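Trainee: Now for the letters of each chain:
Protein chains: 2
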Amino acid sequence: MQYHFSPAMDRLQSSAIREILKNTADPAVIPFAAGNPSQEAFPTQMIREISDELFATDPIGVLQYNITEGYIPLRDALKAWLKEEHCFNEEKDEVIVTSGAQQGIELACKVLCGSGDTIVCESPSFVGSLNAFKSYQVNLVGVETDEEGIDVEKLEKVMQTHTVKAMYLIPNFQNPTGKTMTLARRKAVYDLAVKYQCIILEDNPYGDLRFQGENIPSIKTFDTEGVVLYMRSFSKILAPGLRVGYVSGPKEILAKMVICKQVSDVHSTIWAQRVCHQFLEKVEKSEYLSKLRTLYGRKYRLMAESIEKYFPSEIQVTHPEGGLFLRVTLPDHIDMLAFCKKAINEAKVAVVP
Amino acid sequence: MQYHFSPAMDRLQSSAIREILKNTADPAVIPFAAGNPSQEAFPTQMIREISDELFATDPIGVLQYNITEGYIPLRDALKAWLKEEHCFNEEKDEVIVTSGAQQGIELACKVLCGSGDTIVCESPSFVGSLNAFKSYQVNLVGVETDEEGIDVEKLEKVMQTHTVKAMYLIPNFQNPTGKTMTLARRKAVYDLAVKYQCIILEDNPYGDLRFQGENIPSIKTFDTEGVVLYMRSFSKILAPGLRVGYVSGPKEILAKMVICKQVSDVHSTIWAQRVCHQFLEKVEKSEYLSKLRTLYGRKYRLMAESIEKYFPSEIQVTHPEGGLFLRVTLPDHIDMLAFCKKAINEAKVAVVP
Chain A
1 MQYHFSPAMD RLQSSAIREI LKNTADPAVI PFAAGNPSQE AFPTQMIREI SDELFATDPI
61 GVLQYNITEG YIPLRDALKA WLKEEHCFNE EKDEVIVTSG AQQGIELACK VLCGSGDTIV
121 CESPSFVGSL NAFKSYQVNL VGVETDEEGI DVEKLEKVMQ THTVKAMYLI PNFQNPTGKT
181 MTLARRKAVY DLAVKYQCII LEDNPYGDLR FQGENIPSIK TFDTEGVVLY MRSFSKILAP
241 GLRVGYVSGP KEILAKMVIC KQVSDVHSTI WAQRVCHQFL EKVEKSEYLS KLRTLYGRKY
301 RLMAESIEKY FPSEIQVTHP EGGLFLRVTL PDHIDMLAFC KKAINEAKVA VVP
Chain B
1001 MQYHFSPAMD RLQSSAIREI LKNTADPAVI PFAAGNPSQE AFPTQMIREI SDELFATDPI
1061 GVLQYNITEG YIPLRDALKA WLKEEHCFNE EKDEVIVTSG AQQGIELACK VLCGSGDTIV
1121 CESPSFVGSL NAFKSYQVNL VGVETDEEGI DVEKLEKVMQ THTVKAMYLI PNFQNPTGKT
1181 MTLARRKAVY DLAVKYQCII LEDNPYGDLR FQGENIPSIK TFDTEGVVLY MRSFSKILAP
1241 GLRVGYVSGP KEILAKMVIC KQVSDVHSTI WAQRVCHQFL EKVEKSEYLS KLRTLYGRKY
1301 RLMAESIEKY FPSEIQVTHP EGGLFLRVTL PDHIDMLAFC KKAINEAKVA VVP
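First to last, the protein sequences are chains A and B.
Under the numbering used here, think of the first position of the first sequence as 1, with each following residue one higher.
Under the numbering used here, think of the first position of the second sequence as 1001, with each following residue one higher.
Hints listed in this document are in silico derivations from the structure and should not be mistaken for laboratory results.
It should be emphasised that the depicted structure is a prediction, and the values quoted were computed from it without experimental measurement.
Just so it is clear, CB atoms sit at the ideal spot from N, CA and C, and this is done for glycine as well.
Derived pair list, reagent style BS3-like, types lysine-lysine, alpha-carbon separation capped at 30 angstroms: (1) A:299 to A:285; (2) A:92 to A:285; (3) A:251 to A:282; (4) A:79 to A:282; (5) B:1341 to A:251; (6) B:1251 to A:341.
Simulated restraints on C-beta separations: (7) B:1194 to A:5: 15 to 23 angstroms; (8) B:1342 to A:217: 50 to 58 angstroms; (9) A:80 to B:1010: 32 to 40 angstroms; (10) A:58 to B:1212: 31 to 39 angstroms; (11) A:44 to B:1010: 45 to 53 angstroms; (12) A:224 to B:1194: 52 to 60 angstroms; (13) B:1115 to A:2: 19 to 27 angstroms.
Pulled out of the complex, with its shape left as it was, chain A reads as follows (with noise of 0.2 angstroms):
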């Protein structure tokens, strides 16, 4: 039979880095490509507690059906620790848990989105993200961004010239920069947002990373209109093998997203789920997250030293001040894609053109 297939998926082909990068799961080869966490980071022995003492308390609550929003105590759980940091407005938003922040994208972009509307970002930003959007044939605008982040003129001009349904920005530690917005363009973006009636998709998987530098707030602290949907996730910060995220947000979106994230998967595994709710019971989220900063940080700066160190001068390397990412800019006459079939093959190191 000859198949015929969704409009959306002549956009959505196998990318070219998918195939160079297929056999990173060669030992043998050093991973500098995907976002993985360090797997030194993960607290093995507490999630191996933490599931047998629910096998032991409520092994049926740990396997039955559960509801699509997400297991309820872990959601009290995460709008307590979201209204900490001012990212939880008690009387108009919602928290949902994902299946992993890309869900919480995706199922964003479901709701929002039809065929033709037009979502804002940073330029480069994170491939399964824009794949999400792809594959609901949205138009996707990229906007440069500079030191301090997105570049709020070029940005106006887009929202100008364009109806713009979304933008999706990564604050911190952005994939794959590894750069920072500052507070000033934060605010300005979200102004503009206001100004323009577009929603903000805030991603921040690695807000919880960083090394050094002051913490900023995250563009959700700003939000008294009801235009952010803040993404968070734990598999930065406890395992990303478990898929479990979360969005906050306005009541009103997350109620469509429950309604799509019903027909996607009825609900994110309860196990899953219940071990992330017994890691915020039993740990000192700050000095847990100390720890994790501290070992990210010692690689960041071998990182940073050997760069410094061994890679000739006429390269261009960003100082991320947290999270997973570091880009490193090569002269302009080397063809970036053979590089990287080089640097695997030859070498054995993978990396992301």
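Got chain A sorted already, so can you dock chain B onto it with the hints?
Mentor: What follows is chain B alone, placed relative to chain A:
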């Protein structure tokens, strides 16, 4: 802010059923509404031991990112099982793990159907799937069923008058009627799919729960042309909270579904996939499933006998040979919504209108 949602959201409202049933979490309510498997059927001790063993032997593997297609040893075990049942073509097929069969259904619709394409289904059919189709603005056409399954003449008329992209069928112990499609009907439906070049989404979550009558081969077993996507799940035989299902079908379609799954949840919770893998390794399948069939057969007979004994003679009732659903038709003059409200409020019995 005034929110504007995507056009697909107009057809996806929170249903009257959901509103009626939202308080079924009340432990005083007798839950005959949702397809929750019996908690007596959960092998809780085995899952607890498997979980502990996984953390003892490969904690990092359980917690780190994995590939979108699903945990390879689980997929290999599923291929072996599907091969035994003639539901896997070594040369042409692939198997991917999904977050419940629900995700398999949603992804199939996403890759196959554009807005306005038609999917035919049995009338009535499983609300979760119908809503997944609606969420992609698919045109749904229901075809009546008789005691042998979907009416093939009426089905062909629909094929002649619409461009049907897919048929959605639950041949075994259908949700919500409990009916089983005969072998002759399965063959007729397959022939129509080939003749009109349309995909069959064969949803088989209950097939292992036959408690009376003879097993009937899946439509997938006839499929020489690559028109069938076959969905199964661990939800009804192991535990639904795990959210592990799988799809077997033509490689070309599954490759597209993998790209869409990647933008949806990256991969299904790896712990849950590995629990399912170890479950298949440890149990003697036919013995395990035979115990389940005995359990559900006992429950069915109690229900059938009670209906016979206590219900008025004007009602009609289906006689399922397996699965979790049985359908009672009340006389025309009774308002079903009002009846269901009364049932839950006064008698604390939850049923679906």
